[in-house]
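Construct the entire structure; sequences and hints are all you get.
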Amino acid sequence: MKLYPWQQNDWQQLQSYVTQQRVPQALLINGALGIGKQYLAEQFAHALLCERPKSDGLSCGECGSCLLVKAQTHPDFMDVQPEEVGKNITIAQIRALMEKLTLKPQFERYRVILIHPADALNNAAANAFLKFLEEPTERTVLILVTHRLNKLPATIKSRCQKFTVVMPDKNLVLPWLSQQTNNAEIVLNLAQGAPLLAKKYATDEHTQQRHDCFAAWLSVAKQQSHPVIVAEQWLKLPEATLLFWLSSWVIDLMRYRYQTAPKNLYHADLNVPLSELAVRLNPIKLIEFYDLLLFSRRRLETQINKQVLWEEILITWSLLNRS
Amino acid sequence: MKFTINRETLLTPLQQIVSVIEKRQTMPILGNVLLVLEKDYLTMTGTDLEVQLISKLHLPNAQSGSITIPARKFLDICRLLPAGSEIKFEQNDDKVKITSNRSKFSLNCLPANNYPEFNEGELDHQFVINAGQFKKALDKTTFCMANQDVRYYLNGMLLHISNSQLEIVASDGHRLALYEDQLEVPTGFEARIILPRKGVLELGKLLNDSEIELRIEFSSSSLRIFINDMIFSVKLVDSKYPDFSKVFQQSFFNSIHIEKTVLKNALTRVAVLSNEKFKGVTFDITSDSLKMSAHNPEHDEAEEELAIIYGDEELSIAFNAQYLSEAVSNLDGDTAFITIASDSSSCFIYEPNNEKYKYVVMAMRL
Chain A
1 MKLYPWQQND
11 WQQLQSYVTQ
21 QRVPQALLIN
31 GALGIGKQYL
41 AEQFAHALLC
51 ERPKSDGLSC
61 GECGSCLLVK
71 AQTHPDFMDV
81 QPEEVGKNIT
91 IAQIRALMEK
101 LTLKPQFERY
111 RVILIHPADA
121 LNNAAANAFL
131 KFLEEPTERT
141 VLILVTHRLN
151 KLPATIKSRC
161 QKFTVVMPDK
171 NLVLPWLSQQ
181 TNNAEIVLNL
191 AQGAPLLAKK
201 YATDEHTQQR
211 HDCFAAWLSV
221 AKQQSHPVIV
231 AEQWLKLPEA
241 TLLFWLSSWV
251 IDLMRYRYQT
261 APKNLYHADL
271 NVPLSELAVR
281 LNPIKLIEFY
291 DLLLFSRRRL
301 ETQINKQVLW
311 EEILITWSLL
321 NRS
Chain B
1 MKFTINRETL
11 LTPLQQIVSV
21 IEKRQTMPIL
31 GNVLLVLEKD
41 YLTMTGTDLE
51 VQLISKLHLP
61 NAQSGSITIP
71 ARKFLDICRL
81 LPAGSEIKFE
91 QNDDKVKITS
101 NRSKFSLNCL
111 PANNYPEFNE
121 GELDHQFVIN
131 AGQFKKALDK
141 TTFCMANQDV
151 RYYLNGMLLH
161 ISNSQLEIVA
171 SDGHRLALYE
181 DQLEVPTGFE
191 ARIILPRKGV
201 LELGKLLNDS
211 EIELRIEFSS
221 SSLRIFINDM
231 IFSVKLVDSK
241 YPDFSKVFQQ
251 SFFNSIHIEK
261 TVLKNALTRV
271 AVLSNEKFKG
281 VTFDITSDSL
291 KMSAHNPEHD
301 EAEEELAIIY
311 GDEELSIAFN
321 AQYLSEAVSN
331 LDGDTAFITI
341 ASDSSSCFIY
351 EPNNEKYKYV
361 VMAMRL
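Residue numbers (this note's numbering), protein chains in the order written: chain A, 1 to 323; chain B, 1 to 366.
Calculated from the structure, these hints are not laboratory results.
Glycine included, C-beta positions come from ideal geometry on N, C-alpha and C.
You can trust all of the hints, since none of them are fake.
Restricting the straight-line Cα-Cα distance to at most 27 Å, the calculated cross-link-like pairs of lysine-lysine (DSS-like) are:
id, chain 1, residue 1, chain 2, residue 2
1, B, Lys73, B, Lys198
2, B, Lys56, B, Lys95
3, B, Lys198, A, Lys131
4, B, Lys23, A, Lys100
5, B, Lys73, B, Lys95
6, B, Lys198, A, Lys100
7, B, Lys23, B, Lys95
8, B, Lys104, B, Lys56
9, B, Lys73, B, Lys97
10, A, Lys70, B, Lys23
11, A, Lys131, B, Lys240
12, A, Lys200, A, Lys236
13, A, Lys151, A, Lys131
14, B, Lys264, B, Lys136
15, A, Lys70, B, Lys73
16, B, Lys56, B, Lys88
17, B, Lys205, A, Lys100
18, A, Lys100, B, Lys240
19, A, Lys222, A, Lys236
20, B, Lys73, B, Lys205
21, B, Lys205, B, Lys136
22, A, Lys285, A, Lys263
23, B, Lys198, B, Lys240
24, A, Lys162, A, Lys131
25, B, Lys291, B, Lys279
26, A, Lys70, B, Lys95
27, B, Lys205, B, Lys23
Restraint ranges, calculated between C-beta atoms of paired labels, are given here:
id, chain 1, residue 1, chain 2, residue 2, range
28, B, Gly65, A, Gly86, 39 to 47 Å
29, A, Ser55, B, Arg72, 44 to 52 Å
30, A, Lys100, B, Asn163, 33 to 41 Å
Just a few of them, taken from the derived set where beta-carbon distance is under 7 Å, the chain A residues facing chain B:
id, residue
31, Leu67
32, Leu68
33, Ala71
34, Thr73
35, Pro75
36, Thr102
37, Leu103
38, Lys104
39, Thr137
40, Glu138
Here it is as structure tokens:
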């Protein structure tokens with residue numbers, strides 16, 4: 001088992017818990033999206049279960065325990081996640097988990113429960129979980145992973161030991177990312193330094209989609225496409241990503257106004273059309289538009305009609321360019 | 001792996017193993033039975049991660065190996081073959097071929113090293129007990145265990161061993177069953193463990209032969225029982241059993257002597273008109289009579305009077321009729337002794353000349 005090159009420091013800290021025999025009963029791993037928290041948590045869990053960990057503390061991948069983990073049949077490893085992507089972790093799942101936890105662990109080593117994303121615990125589930133989080137049964141370690149620490153109830157946070165994974169150093173990430181893609185620097189900027197997110201952004205499909213959307217956005221600005229039609233096309237795309245692109249373009253536009261160096265931009269590859277736009281637009285209106293985007297990000301988690309959401313954004317954008 | 005086995009030899013142990021396997025499992029491999037053939041022994045294992053049953057069969061001249069195959073399908077195939085048939089079993093990579101006379105079956109398998117077996121290592125404590133004695137202890141107490149209580153330690157049974165003293169306790173918080181007996185061979189240790197409900201129920205089904213000696217091994221996390229060619233394992237409940245000793249440390253009225261069947265039948269009749277949910281029945285006791293009465297929210301009333309031997313001060317107390325009659329029916333003799341605590345909080349039910357087991361039922365406030 002191997003770690004990503006930028007995870008050595010975090011791993012050493014986790015490892016020191018083991019060597020000092022002070023593994024926390026509940027560990028809350030938090031940090032930005034796309035920097036490998038989940039992977040780190042899994043490696044830590046596997047290492048706690050492994051019968052013969054390697055000298056650096058990582059799991060061996062060969063012992064009986066590791067084989068069970070690989071086959072996803074390890075009885076002392078429980079992985080709790082939403083049943084469908086984007087949905088909540090329900091109270092029924094937590095109750096089923098608790099029922100299993102009333103019995104002793106099957107093997108001699110730790111029993112590990114991995115909950116991710118922890119912010120997906122709904123209110124009832126989180127409350128049902130509190131008592132156990134405070135006093136877990138014998139040899140049981142809970143690992144919660146989240147990139148949205150603020151969404152967790154204070155009652156959960158206060159019962160866990162927080163472990164913050166910081167954004168990795170660019171110099172550690174770039175050599176690794178260059179092996180994965182040709183335009184490492186561009187995607188890393190776009191991902192604001194998060195390596196795994198950058199890797200995802202580097203796929204052709206993703207780049208193509210981003211360019212297509214940008215073209216559509218630009219043509220709305222030039223009054224060449226109708227906002228309602230573009231809104232309908234955008235319905236098929238992942239909303240959160242699209243909204244991130246929109247806000248990053250607007251941020252870039254504002255940066256252009258103040259002649260920022262290209263390396264500080266999100267979309268260094270789109271600098272020509274962006275700089276042209278930047279000259280034309282009214283900065284105050286642009287900031288109002290940015291406000292709308294931020295507000296929309298919060299609205300995404302509600303039951304809002306997506307078509308109407310994109311129409312509102314695009315019509316505002318179109319009007320902004322007309323004035 | 002390759003072997004031939006007679007249907008009758010295989011069927012009984014396989015049925016027992018399949019009964020342990022849950023119909024709906026969280027992991028696909030738990031729906032399988034693990035077959036290991038080595039040193040002329042075929043070992044079959046089934047588990048639901050709470051209990052595990054292993055059965056060993058002597059099988060000479062076979063080619064060794066290990067695999068897991070879908071348990072229910074395997075059982076159905078063996079069950080539906082004609083009695084006495086020879087079953088041929090052959091493994092090819094991840095497929096298993098089963099042939100018998102003109103029937104041929106091919107089953108998909110999962111690798112044996114993915115199977116989450118219980119640890120096989122030595123456990124800390126051991127003792128020996130007669131199967132009939134142990135079965136009786138379970139029978140007398142099982143019905144008092146709680147079912148799906150949030151106090152999860154009550155969904156199980158306390159096994160307390162103190163040198164040669166055996167104590168088994170089950171309680172759901174309203175009533176309690178206590179079984180005490182001596183072990184023939186002193187163990188030299190003291191231990192308290194809680195067996196989970198499912199484990200107790202499964203174990204009860206396996207103890208049919210009352211003559212054999214059971215070897216029981218346990219540690220702080222699991223318990224293992226050797227029953228003839230089978231090994232039954234169960235994970236223990238991770239908690240302490242509540243302290244129930246206070247219920248014994250109080251003063252009591254004289255005991256009430258009453259005929260078991262008379263009491264039971266009267267209770268059943270009176271309980272018809274009690275509150276359906278709480279089943280409360282009031283007892284008005286004088287020195288030689290017991291008046292039972294019940295009423296329900298519809299204002300129906302029932303009353304019955306029985307002759308008893310008591311001879312202490314008059315008192316009035318209420319009980320859940322179901323709890324009381326279940327406890328009484330579990331007595332072996334014809335006479336029941338009921339002793340009521342002097343603060344009217346509970347009663348003890350036991351029989352004369354038998355100190356091994358007794359029941360406690362808490363009183364109700366009506």
